[in-house]
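Chains as they are written, first to last, in full-length UniProt numbering: chain D, 1 to 405; chain S, 1 to 212.
Among the hints, erroneous ones may be present.
Calculated from the model, a selection of chain S residues having no Cβ within reach of chain D, i.e. all distances over 10 Å [what the hints assert, rightly or not]:
| no. | residue |
| --- | --- |
| 1 | E2 |
| 2 | N11 |
| 3 | F181 |
| 4 | E183 |
| 5 | V189 |
| 6 | N207 |
Partial chain S-side listing against chain D, Cβ under 10 Å, derived [said to hold, decoys possible]:
| no. | residue |
| --- | --- |
| 7 | F32 |
| 8 | M34 |
| 9 | G35 |
| 10 | Q40 |
| 11 | Y51 |
| 12 | L54 |
| 13 | Q145 |
| 14 | V146 |
| 15 | A147 |
| 16 | I152 |
| 17 | I159 |
Hints were generated in silico from the structure; no laboratory data involved. Even for Gly, the Cβ is constructed at its ideal location relative to N, Cα and C.
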Amino acid sequence: MFMSLFLKECKIWCKSILFYAYIIILFFFYVTQMRSESAIKRPRPGEKEYGITYSENNSDIMNGTLKVLLNEYYNNKFVTYPMGFYKPVILSANEIKQVEKNISKLTGITEKDWKEKLDHYYESKNIKWSFYITKDIGYNEFLSIMSDLEKVIGKGSKYSAKALKGNAKIAKTYEQALKEYDEFLKKDKVTRAYARVFSDYMGIVLAILPAFFGVARVLQDKRSNASAVIYSKKCSSIIIVLSRCLAIIVMLFIPVLILSCFSLVESLYIAKTMGAAPDYFVYLKFCIGWLLPILMFVSMLSYFITELTNSILALLINSGIWFVSVFLGFDSPLISVGWNLVPRFNIIGMHGMFQEIFPQLVKNRILYSILGVFMILISILIYSIKREGGHKFYGKISQNFNNQS
Amino acid sequence: MERYLKISIINLKITFLPHILVILFMCFIAPFIMGVQNLQPDQVAKIVESYLSLFGIILFLPVFIPDMNNNIRDLIASKKESMITHHCIRVMEALILLFLVGMLFLFYLKSGDCRFLIEKMSYSLIANSIFLGGMGMLVFAISNQVAFAYMIPITYYIICYGSGKKYLGNFYLFTMQYGSFQEKYYIFVLGLIMITTAIIVRDVKFNLRKYK
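Here chain S stands alone, though its shape is the one from the complex (with noise of 0.2 Å):
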């Protein structure tokens, strides 16, 4: 437990340390760009949906960003932990940087008397960033690229703008702005195959990699 715990900090040190600053300075420009008082409830879930979901772009994606160097995944790969253990526990970091950025700023629009149930609009957030960030991770895995691996997702979420509620049925991201919330149970589980798919995926190739 002590090791996993070791690497946990290592990883959020080096790996998450960037891109919690981004989430955090994103959290600090919103009431500048932004309603955040006095907010009903479409219009916080507008803020969860189509701002606070970017987040799980930006804390799921650097979840294979230290593997991409050769030298540096064949130095976790001769260490004690497996791959997969070391995914895992910066999936669950990503997890718990989420929840906390996420309730954090929730909390704050509460106390700008906003009306909203605290916790549909954080699994609202949960679940769109899980399913944005777990299209990122799977992209990464199949093509080691993390510009496609970031554009993915950020396009899937333009086309959600853009004519998606149209064509993208249970997987439109925006549904609580419109009422519905019935949708966030199907992106979530996507979210949850997508990411499992993804390490799976990664530690398969690496296997194929290192047996070759």
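For reference, chain D alone in the conformation it holds in the complex (with noise of 0.2 Å):
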């Protein structure tokens, strides 16, 4: 009973206009957005410029945040992350006074002095950077400093405790490079860190295109007058839920993986030219662990609402999650995980990274799996209780306690 029910849902999405709009979709973004993509070339010793790292010095720590400090200041535009989302913000005249007294106190020059050499710097740009911390200034107080300066600007900008390593950017030698080239080459096997750049990519749309299935497949129902007759059929709700369900999450699966097979045949290729040794499955696991639970948590959460409300509650809810997701991390570093649904990971290489963001991109993506089955269990539940007489109601379940109160 299931496996025919669940055939005749994926016949239902292999008529459906949506999900021919959704391959179409799917294909331009990955046409635009991976083909752009270039592979690390092989440092070699002499050259100009090797990139940019991060350091670990204190003395580097202070005096990178002085940077940042000075150019924000210059643009009056101090950029924060109150809730882990970008927030510029602008100063007004009395917040900027606070923050020269401050700059004052980290350079050890008169304000006057380090305001003409900073306009001087930005206004003739072959001048070197000749701005540091005095060096009356020990770590602790430059962190107390740093602590009035968020007090001033807000929580979550570049001089919170956390965030001042990421101010401490240095140039990359050639031995880190070379390092980095090797990382590229023999663990991330080339194509480990393509499928990385594909999973970000795609997570961008995954993020809200299943949603548009979970509604239209609830609605299709209330539209053909469809559930009076569905109600009374013998079949089970846990069979006719999860064989909807299943359908749309394996329908819309099937295009993504279509899909890596383009970008692993590419990163294929330039793996072998580079002489590393490729991993085949690569694209499979990323595919399955980075962006199945994008796409279940997605689909299941809009069929779930759509079910709960009968309306298209879940295109507005699904939507807002999209854009606090995606949008307002749009300037943020390319690479952030946390627990945002939309993980990024927008750079060829960085082996160290990727290692260092692992374990909370498992728990991520555990967390939103669960989530994801959630959702397709009170979908289930509240299936149910529509066929034992929450129809009468309209088919919106929400009107039974409305009617109990």
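Reassemble the complex: the two chains are provided individually, in unrelated frames, and hints are given to aid placement.
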């Protein structure tokens, strides 16, 4: 029974314009985003620069932070992440004065002098950076000034204790660049680095598109007035809802897998030309581990909300979640995980960084997978309640509670 | 005139109320998730183009939602006013709501010492909103699928964030952030064309169904 219903559901999607639009959009995203990514080149001794990395040294952290502070002060645009999301803060005249006082403390130069020097630096482009933390300030005092700055600018600024290390950007040495290249070749096996970026891009679209399918499927019954007929059938609610949910997940996941094959072939070619031993199953692992939880959570959340309300409310809620997860994090670092629905890793290479965020990524993916399964279970429950009489309130289960009160 | 007013009040209560609550909620949470004070014109443009423009999808899509139910559609059709009149009233309501809420938000930004020309920003907001909303309405009119109707403008918006600047030319939504206003004329005109076409298509389809 389950299999025949499941196949019927899959056939419904095969005839749906929504499904074909989904495939076209995924393909468009893949072509326009992934095709522009280029591989890491082997560094050679004596090159002008090898990129940037982050220092652990206190002096580098302090001077790096001063540079960031002066840059943000000059533009009067202080970047913050108050709830983990991007928010530029423009300070008022009074707040700017407080920042200026702190800059004077940090540099040990009078306000007038450093302002002149800063204007001169930004107006004539050929001058070297010459602002450094005064020797009178130790790391602890520096931290206390940073804490004052955070109070003025707001939470989640680049001056919070956690973010300070990120300000200490230093030039990468040849040895560091060579190590990263070796990791790209031997540990990432080239293919893994591309699979991460593929998952990053696909995650953005998969955080919204599956929502339309959950809504469309539930509302289809309402439109065709089929609910009452289906309710009267012998088949259990578990089989009906489960076959529908699994059909959505499977049908939406197949195009992702097919696209990943295109990307895999490209990365295999690059790996072979670079002399790396590729990982043939890495895309499959990333699709299941990284993208499937997004797809499951988004589609099942919309299915559950639509089953509960019989309205398009799910589209608004899912759009809101997408907006918060993706849009507000667009200006954030290209590598971020946390508990965000859409983890970001938009850089080819950086194996070490990926290893650092990996445990959090696993926890994050497990959470969304559990939530996805939970949504299916609640949807089954709601469907059962509706079947037992909830439908007399025009299919809106929420009306039952209103009626009781 | 009195009848039109009655129709619009009923539409406001039944069709638009949840959507009005959504856009008011979006206005309410804006200060918590983005900077709304002391902004420069390009920063205000970013809010208008990438946040407030979404009001268009939220307000214009419900124009056809009541007619999805065949019984309601037949009931409305049995009244003195034609379907096209009902749709035009709903579009006007959406436009007025968009203008009111948008202007309130822009004045709120002004009160926070943001620097921008209110007439340019309001035009930009209306142009983008009409464009996205019109796109959704047209898809709705053709496909009669609400999920598909939301999917297309939302995807268009996402494409603008991706590589849209490269591919969409004069129909790229976020031009004012980069200091260009010219494109808004194209967006506005095409938005109006899409709304008009959507109403005509919907009405033609309805009449065809009636005479079958």
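Here's how the hints hold up against the structure:
no.	hint	in the structure
1	E2	holds, 31 Å
2	N11	holds, 17 Å
3	F181	holds, 22 Å
4	E183	holds, 20 Å
5	V189	holds, 25 Å
6	N207	holds, 21 Å
7	F32	holds, 7 Å
8	M34	holds, 5 Å
9	G35	holds, 5 Å
10	Q40	holds, 8 Å
11	Y51	holds, 8 Å
12	L54	holds, 8 Å
13	Q145	holds, 7 Å
14	V146	holds, 6 Å
15	A147	holds, 4 Å
16	I152	holds, 7 Å
17	I159	holds, 7 Å
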